[in-house]
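Chemist: Sequence:
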Amino acid sequence: MVKLNLLHKQSNQLKKASNNNLAHGHGHEHGHSKMELPDYKQQKIEGTPLETVQEKLAAQGLRDPWGRSEAWRYTGGFANNVSFVGVLLKGFKWGFAALVVAVGAEYYLESRKKRHH
Numbered sequence: 001m002v003k004l005n006l007l008h009k010q011s012n013q014l015k016k017a018s019n020n021n022l023a024h025g026h027g028h029e030h031g032h033s034k035m036e037l038p039d040y041k042q043q044k045i046e047g048t049p050l051e052t053v054q055e056k057l058a059a060q061g062l063r064d065p066w067g068r069s070e071a072w073r074y075t076g077g078f079a080n081n082v083s084f085v086g087v088l089l090k091g092f093k094w095g096f097a098a099l100v101v102a103v104g105a106e107y108y109l110e111s112r113k114k115r116h117h
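Quick note: UniProt numbering has the sequence shown finishing at residue 117, numbered continuously throughout.
Since the hints were made in silico from the structure, they are not lab data.
Owing to the predicted nature of the structure, the values given are computational and were not obtained by experimental measurement.
Derived SDA-like pairs: lysine to any residue, alpha-carbon spacing no greater than 25 Å straight-line: (1) 56 / 69; (2) 93 / 107; (3) 44 / 72; (4) 44 / 63; (5) 41 / 51; (6) 44 / 80; (7) 113 / 100; (8) 90 / 100.
Put together the whole structure using the sequences plus the hints.
Modeler: The following block contains the structure:
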């Protein structure tokens, strides 16, 4: 019974601590700020894939009331198409540079060891 009360007390303390330290406390969000979306009333679906969806729905006598709310996904940085090869090769140049440095350092250190013995 004592263990159960202790666990309950600890869980309550953790809950209080997490509620008090939202956003890491003291306003330090460490880059995890809330993403701000533009107002849906300013978004237009013309020229986006959502326009095709709206047309197909209209042909069936339906409409998507949330279409404009999703239009932001097709503007700005979200509008870039990402290919499978692009995802695979995203960090290739930095990874290859790190490989060359690591192999070069290993080769250099091994050649120094051989000279000493």
